[in-house]
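K.L.:
Residue-level listing of the chains:
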Amino acid sequence: MKVLVLIKQVPDTATQVKVSADPRRIDTTGITWIVSPYDEFAIEEALRIKEKRGQGEVVTVTLGPDRAKEALRSCLAMGADRGIHVNDPAFEGADTLLAARVLAAVITREQPQLVLTGRQAIDDDMGAVGAQVAELLGWPCLSWIMEEAIADDGSKVRAGRQVEGGLELFDLPLPCLLTAQKGINEPRYPTLKGIMGAKKKEIKELKAADLGLGEVAPELEVVTLEALPPRPPGRILTGDPKDMARELVRALREDIKVV
Amino acid sequence: MAGAFWCLVEDDRQGRPKKVTAEVLGEAGRRAKELGAGVEAVWLTDQAAEDGLRQLAAWGAARVWLWEDAALAPYRGEVWAPVVAELAGKEAPRAIWGAVTSRQREFVARLAARLGVGLAADCVGFGLTDGQLVATRPVYAGKLLSKVRWKRTPWLATLRPNVFRVAEADESRTPAVERPALSVPQGGSTFVERREEAQTGLPELTEAEIVVSGGRGLKGPENFVLLEELAQVLGAAVGASRAAVDAGWRPHRFQVGQTGRTISPKLYIGCGISGAIQHLAGMRTSKVICAVNKDPEAPIFKIADFGLVGDLFEVVPLLREEFKKLKEKG
Ligand SMILES: Cc1cc2nc3c(=O)[nH]c(=O)nc-3n(C[C@H](O)[C@H](O)[C@H](O)COP(=O)(O)OP(=O)(O)OC[C@H]3O[C@@H](n4cnc5c(N)ncnc54)[C@H](O)[C@@H]3O)c2cc1C
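Same order as they appear, the protein sequences are chains A and B.
Sequential numbering of the first sequence, starting at 136, is according to our numbering.
Sequential numbering of the second sequence, starting at 61, is according to our numbering.
Since the hints were derived computationally from the structure, they do not count as laboratory data.
Glycine included, each C-beta is placed from N, C-alpha and C at the ideal position.
Just so you know, not all the hints are guaranteed correct.
[Stated by the list, open to error] Calculated pairs, DSSO-like style, for lysine-lysine (alpha carbon to alpha carbon, straight line, at most 30 Å):
hint : chain 1 : residue 1 : chain 2 : residue 2
1    : A       : 153       : B       : 326
2    : A       : 392       : B       : 211
3    : A       : 342       : B       : 211
4    : B       : 207       : B       : 326
[Unchecked claim] A partial selection of chain B residues facing chain A, derived with a Cβ cut-off under 8 Å:
hint : residue
5    : 161
6    : 177
7    : 241
8    : 244
9    : 248
[Unchecked claim] Distance ranges between label pairs, derived from CB positions:
hint : chain 1 : residue 1 : chain 2 : residue 2 : range
10   : A       : 364       : B       : 374       : 31 to 41 Å
11   : B       : 280       : A       : 166       : 33 to 43 Å
12   : A       : 192       : B       : 111       : 50 to 60 Å
13   : A       : 345       : B       : 288       : 48 to 58 Å
Produce the entire structure from the sequences given, and follow the hints as far as they go.
P.N.:
Quick look at the structure:
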């Protein structure tokens with residue numbers, strides 16, 4: 136079974152993020168880049184599917200500038216078989232729909248039985264690309280999955296999505312798309328052997344012209360990025376626990392009236 | 061009316077709209093008024109209660125587009141999206157808004173792809189510039205705010221729960237209900253079963269007005285009972301840090317933060333939580349933040365409105381007593 140995993144390279148949350156001279160973009164100097172954490176759950180799940188079935192191919196796909204190749208290498212080091220890097224200035228400033236159009240075009244070329252991705256990328260936090268890819272392809276999809284099991288004959292997958300108050304299980308015919316939620320698995324760390332081996336694996340670079348998309352432009356535009364307005368300094372209470380508790384409850388009631 | 065603001069109804073699966081729907085209708089009402097536009101509700105469900113429809117009218121929906129059919133529950137994107145997209149093609153709404161709930165965040169994304177328009181997910185504010193809507197949304201773990209606008213209508217967006225003021229209810233309004241024909245596509249996914257979570261008797265984390273959250277400082281799963289007792293008094297939900305979840309003290313669905321739930325309650329009380337950036341990403345839009353931590357240097361104190369420096373095992377039971385006294389006084 137061929138499984139495609141859509142991943143995104145994002146700034147590590149621990150690094151500071153500043154707005155650049157162009158107020159629509161962040162300043163990328165000094166940023167540490169990582170594979171978006173939810174995408175790691177997707178990669179891990181794809182590797183487990185391949186291991187369980189004893190055969191198959193895990194192909195990891197990203198859309199991004201030159202540096203995004205590093206994110207693909209990380210996935211190859213975890214065990215993915217090959218990578219596809221869509222790298223073209225024409226796609227700079229892509230919104231979720233443009234990204235979904237590009238990725239759907241790659242999927243159409245590759246014809247996998249299953250596509251996995253994370254529930255959202257932790258940079259723009261849109262959480263839309265997976266569902267939009269499925270819509271463009273006319274596929275069923277299930278978001279925020281906590282478990283999945285592919286039928287032995289490879290015809291369908293039973294997957295459970297997290298919803299308010301429970302888990303909803305569905306049978307989806309293949310091909311389909313699933314987005315991974317934390318809790319589905321524990322992503323593995325790349326081994327030294329994996330890291331060395333990753334260097335030899337294929338990463339194919341694709342340009343806009345290779346995808347036959349014609350003219351594409353983002354539908355949503357960033358007007359500006361702004362630093363968060365600072366929160367007014369808080370009140371720190373110390374001393375006798377009883378006094379603190381009494382004072383807090385009084386202030387919540389009388390001063391700011393939230394309880 | 062052409063160019064209306066459409067609000068997608070999130071219901072309780074018993075045929076009644078939830079409070080988030082009143083928030084979406086409330087904000088849509090305010091923005092639509094500035095543009096001289098109307099507000100309408102769009103509801104796909106397997107059952108719509110009569111008082112549920114009246115509720116939507118009371119919250120300001122001049123018209124309710126209703127599809128009521130067993131095939132619509134539970135939500136399936138490939139079934140819902142074509143239904144609403146087709147009507148949107150005829151009616152040309154100016155905006156289509158949902159809430160950040162498990163179904164609507166996916167549904168609105170699919171709808172945007174089907175209509176070929178932009179999507180702004182998880183919005184926390186809106187403004188108008190030259191008759192154009194501009195949305196504000198947190199990005200990069202909530203460290204920055206991004207202002208975005210659409211190239212064309214309908215303006216598709218999801219709204220973060222608990223952020224927007226609910227519509228004022230006017231019970232004298234009656235609903236105008238339209239029931240367009242429904243055609244359900246064949247094939248696709250089939251529903252198997254729903255596994256209910258163990259009932260806690262406490263509100264849902266993402267909808268709760270008050271959240272009491274615990275971290276590694278709680279030392280073990282058994283001590284979460286302290287937070288549950290406090291939550292009981294306050295009618296609050298109980299959340300947890302990733303450290304507490306990864307230690308197996310709480311199920312994943314209770315995790316607050318970047319790789320957990322995003323919440324925006326009126327009051328957040330973090331106990332024994334250090335306040336790592338990934339945790340803040342999930343709760344920093346809470347209106348009032350309180351923290352109990354024995355380390356005066358804990359980063360959570362930097363964003364807390366009230367910081368209690370102390371041992372949570374002493375402070376939390378005392379807080380519970382104080383809140384209880386308050387409730388008893390009424
Ligand atoms: C990719 C990624 C994603 C992540 N996503 C999330 C996420 O979604 N949510 C999240 O929470 N974290 C997330 N994290 C983890 C995050 O970085 C922190 O490790 C985590 O939040 C720490 O949890 P904690 O504050 O409970 O534990 P700790 O950092 O161990 O802090 C415990 C705190 O309790 C205090 N304490 C101890 N005993 C007591 C006592 N008796 N009374 C009072 N205070 C006491 C201590 O002073 C300390 O401040 C993520 C990390 C990564 C790398």
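K.L.:
Hint by hint, note whether the structure agrees.
P.N.:
Now the hints, each set against the structure:
1. 153(A) - 326(B): With a Cα-Cα distance of about 28 Å, the restraint between residue 153(A) and residue 326(B) holds, given a limit of 30 Å.
2. 392(A) - 211(B): Roughly 41 Å separates the two Cα atoms, so the pair is violated.
3. 342(A) - 211(B): holds (25 Å)
4. 207(B) - 326(B): It holds: about 24 Å lies between the C-alpha atoms, which stays within 30 Å.
5. 161: holds (7 Å)
6. 177: holds (5 Å)
7. 241: violated (22 Å)
8. 244: violated (13 Å)
9. 248: Status holds, d = 5 Å.
10. 364(A) - 374(B): 31 to 41 Å: Because 35 Å falls inside the window, the suggested range holds.
11. 280(B) - 166(A): 33 to 43 Å: holds (37 Å)
12. 192(A) - 111(B): 50 to 60 Å: holds (54 Å)
13. 345(A) - 288(B): 48 to 58 Å: holds (56 Å)
Against the hints set out earlier in the document, violations occur for numbers 2, 7 and 8.
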